[in-house]
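Participant: The chain contents come next:
There are 2 protein chains.
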Amino acid sequence: MSENEQALGITESKEHSPGDWYSEVVRKAGLASYGPESMGGFIVTRPRGYALWEKVQENLDGWYKDTGVDNAYFPMFIPESYLEKEGEFVEGFDPEVAWVTEGGNEELEERLAVRPTSESIITPYMSQWTRSHRDLPLRLNQWCSVVRWEATETKPFFRTKEFLWQEGHTAHESSEEAWEETVTRLDQYERLYDEVLAIPVLRGRKPEHDKFPGGDTTTTVEALMPDGKALQGATSHHLGQSFAEAYDLTYADEDEEEKVAHTTSWGLSWRSLGGLIMTHSDDQGLVLPPTVAPEQVVIVPIWQEETKEDVLQYSTEVAAELEAAGVRVHLDDRDERNPGFKFNEWELKGVPVRIEIGPNEVEDGELTFAHRPDGEQFVEQRDELVGAAEDHLDAVFDKLYEAAEDHLEENIREADSPEKILGTIGKHGGFVKAPWCGDEACETVIKEKIAAEIVMVPFDQEHDPDADECALCGDPAVETAYFAKSY
Amino acid sequence: MSENEQALGITESKEHSPGDWYSEVVRKAGLASYGPESMGGFIVTRPRGYALWEKVQENLDGWYKDTGVDNAYFPMFIPESYLEKEGEFVEGFDPEVAWVTEGGNEELEERLAVRPTSESIITPYMSQWTRSHRDLPLRLNQWCSVVRWEATETKPFFRTKEFLWQEGHTAHESSEEAWEETVTRLDQYERLYDEVLAIPVLRGRKPEHDKFPGGDTTTTVEALMPDGKALQGATSHHLGQSFAEAYDLTYADEDEEEKVAHTTSWGLSWRSLGGLIMTHSDDQGLVLPPTVAPEQVVIVPIWQEETKEDVLQYSTEVAAELEAAGVRVHLDDRDERNPGFKFNEWELKGVPVRIEIGPNEVEDGELTFAHRPDGEQFVEQRDELVGAAEDHLDAVFDKLYEAAEDHLEENIREADSPEKILGTIGKHGGFVKAPWCGDEACETVIKEKIAAEIVMVPFDQEHDPDADECALCGDPAVETAYFAKSY
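For the protein sequence lines, the chains are Y and B, in the order given.
Quick note: the first sequence uses this note's numbering, first residue 1, plus one each step.
Quick note: the second sequence uses this note's numbering, first residue 1001, plus one each step.
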């Protein structure tokens, strides 16, 4: 009996103990295991978890390549002297760095950081490769793992000391082009959440005091988790010229004048999988949208001894037809398990659509479809198999997206005083919009009391500083702040 | 002017200074740059280099998935206590380990090895996930980077302290199944070299004294580089039960008896790219088989002012038709460069087929094709474009493969005494076959004099110990040893 078989079924409640429930789903659906005991904060990503990451990669990587990005690979170590060249940056990341100090049985002359992010090694190479405006824009991306030695509690995919991600790094002639790039990547992140992960997001920028260390502007997509906490889904940074200056990334413009380039960086990590798992899953286990599910359809044949042959033959033909149509289908014809066990197991593992085939279906030329998210059942004609399967997969996607969208829309509230901000987040969680003067001190008032913060400021300002007042201090409001507790 | 444009053209000779020539090709074709000064042994893989690795990945990953392998991802660090559990293994790798000793501004309680290979962290997890014979075979693979702190000189892709690879790890019920798995993966490596990299290889096993530390049998594919040195192309290890025993990887068989599993591991690294570059390239620069070339065809239009419009329109249509047919094509319509410059640049970058289009081609409805490896030219009819392009791409692949095959076949020689082994390798390089008693001491005789070693022993024994004598010591010969200098 494998780990899965020994203890099938989720015992924790999503509503009442969301933390325990989440880690139970991750473990029992076979997505990840915790790392070695002496390596708190690390996880092992099992095939079913890694397959989800591959779907994220497939989509994003294709979009990147279609929009002028080339993949590359930079060393996983960064010399300390490189890290130190951009002052705000090293201050921001230094406390979280893991250091290699010995190699080949000798102490190293210079400590090497295991990359926490790669601006400080990629920018100097971009500098080597850039001479003229003809070399720009330069757009690079790498799929890799990074390490950030955070002390907070591990949550698989959400918060781990090592995580998989992609980091894009680009250089441009002008600030406008760099901004356009920043937004292009943010658009692609939003698209990934919308079209692949079935999670609607809000877009905007981080407040000045919470942007990427050393950068100009950090843009973000923010999702809302079922427990009312916000999830930073991915960030895209307009870095301005500070990294280009620190690492001497210049180019000769059309008049042969030397100019400093403008850079961006943008990243999405496997935290997106954490959001995916937490958003859609339930007390029966994992729920996945068909876009990322390793198996989109599972066929469970139901037979008695005398009907076995007919049922299995019919089921095999159905499976073959779906596979030929490009549907990821699995026929569960195990002898040693009964249909009820199979139903539970595939529900736990998050297969979006189940087709049940018993003697009645065979006799009537029918198929019984069931939707994973809500168990809804439909009888379909055998000769309409492929169209029906595609419709049901779309329907499951829509159900998941709409549920998440309703939840998001119902949980954006307004407030115009510190008490109301605190009270609303305390009672409902979710996002609370408030007019804000832009001063970090006004966030601190909230942060100290309930660990909520300004997670996002929308791009379009809704406030008129001549008319509106900061909900915190009463000074003129210059922007709309979205407060929330966050992961 | 970019790095490439500043110093176009290879200045070193492949024949006379192969080492300098190789690194010049790697650098000027835009494949890789050397790492930071304080990080000798590391390289930066640029987009054109990484694109080659992506082609290797695409092919192998597809074959793995078709043959029951799942991708997963394990932590990049391994606790020292894990590493130490298999005695021969740790002895083999310990001298090459890079150690993380500090994280988050604190000294770690236990040193963490940056993975040099992952048997010692993957096997214990396979153990957790395996209870019954029904959980076997278990086949995992990961694409990742590993670090081996070797002191020898860096050669991009051939020998770097960090390298990209895939490592497969499997567990089976019986030794026979594990052996079958070992050979399946070796077959796939051979296929990659044959069908994708256009490099014929020899297959066999490593001698006992050179097998994977802790394993039972190491199988290998060996290629022959143009300078007469062998390249170990990839290895597939039958690990027997030693790792399963060390990490407690057991299962209940059909009779509920507890048994120790049999494991394998197998890996191919970006060293394969080193072999690719070195095998086919020449004094004009990189040469690539069409299977891996980022651009398979480059179109260079040749115009005067009065013919420009017609030539460019014709060229654009040709490019569009090839692209629609799935050919990776690039139209070089830059105004600021003349055709001669473009010819040289694309030759340097290794594009397999060039199509030249001037006013004559337009007028006659023709196309001039040129093959990168030998410059051979052909005139083809415009209306046979796609078929002609495909034929020429195939022809270039065949030329490259056949040249490598001729070189390999011409450089396998026989010898029956130490003097002849030494003399033959000294004069010709290449492989020297000799009957061998199986004793490492007989290899040492050769190794000490000319740094050649036994790189491979064929699976099929050609010697009869009752009749044949070891070429080194005169004892009965039990196998055929292939001696060679190697990378």
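Among the hints, erroneous ones may be present.
Think about it this way: if two alpha-carbon atoms lie no more than 27 angstroms apart in a straight line, the pair counts; the simulated DSS-like pairs of lysine-lysine are [claimed, not checked]:
id : chain 1 : residue 1 : chain 2 : residue 2
1  : Y       : K55       : Y       : K14
2  : B       : K1014     : B       : K1449
3  : B       : K1449     : Y       : K55
4  : B       : K1420     : Y       : K65
5  : Y       : K447      : Y       : K427
6  : B       : K1155     : B       : K1055
7  : B       : K1085     : Y       : K55
8  : B       : K1014     : B       : K1308
9  : B       : K1259     : B       : K1229
10 : Y       : K447      : Y       : K420
11 : Y       : K342      : B       : K1342
12 : Y       : K14       : Y       : K485
13 : B       : K1342     : B       : K1055
14 : Y       : K65       : B       : K1014
15 : Y       : K259      : B       : K1028
16 : B       : K1155     : B       : K1229
17 : Y       : K65       : B       : K1485
18 : Y       : K55       : Y       : K65
19 : Y       : K433      : Y       : K447
20 : Y       : K14       : Y       : K259
21 : B       : K1485     : B       : K1420
22 : B       : K1449     : B       : K1399
23 : Y       : K229      : Y       : K447
24 : B       : K1028     : Y       : K65
Derived coverage of chain Y by chain B (criterion: at least 3 residues anywhere in the stretch with Cβ under 8 angstroms from a Cβ of chain B; other residues may be distant) [stated by the list, open to error]:
id : stretch
25 : 96–103
26 : 314–321
Honestly, the hints are just simulated from the structure, not real lab data.
Cβ coordinates follow ideal geometry from the N, Cα and C atoms, glycine included.
Participant: Indicate, hint by hint, whether the structure satisfies it.
Facilitator: Structure-based check of each hint:
no. : hint                : result
1   : K55(Y) x K14(Y)     : holds (25 angstroms)
2   : K1014(B) x K1449(B) : holds (26 angstroms)
3   : K1449(B) x K55(Y)   : violated (54 angstroms)
4   : K1420(B) x K65(Y)   : violated (55 angstroms)
5   : K447(Y) x K427(Y)   : holds (16 angstroms)
6   : K1155(B) x K1055(B) : holds (21 angstroms)
7   : K1085(B) x K55(Y)   : violated (36 angstroms)
8   : K1014(B) x K1308(B) : violated (38 angstroms)
9   : K1259(B) x K1229(B) : violated (44 angstroms)
10  : K447(Y) x K420(Y)   : holds (14 angstroms)
11  : K342(Y) x K1342(B)  : violated (62 angstroms)
12  : K14(Y) x K485(Y)    : holds (18 angstroms)
13  : K1342(B) x K1055(B) : holds (25 angstroms)
14  : K65(Y) x K1014(B)   : violated (34 angstroms)
15  : K259(Y) x K1028(B)  : holds (25 angstroms)
16  : K1155(B) x K1229(B) : holds (14 angstroms)
17  : K65(Y) x K1485(B)   : violated (41 angstroms)
18  : K55(Y) x K65(Y)     : holds (16 angstroms)
19  : K433(Y) x K447(Y)   : holds (15 angstroms)
20  : K14(Y) x K259(Y)    : violated (55 angstroms)
21  : K1485(B) x K1420(B) : holds (15 angstroms)
22  : K1449(B) x K1399(B) : violated (37 angstroms)
23  : K229(Y) x K447(Y)   : holds (14 angstroms)
24  : K1028(B) x K65(Y)   : holds (23 angstroms)
25  : 96–103              : holds (count 8)
26  : 314–321             : violated (count 0)
Checked against the numbered hints above, the structure breaks hints 3, 4, 7, 8, 9, 11, 14, 17, 20, 22 and 26 and satisfies the rest.
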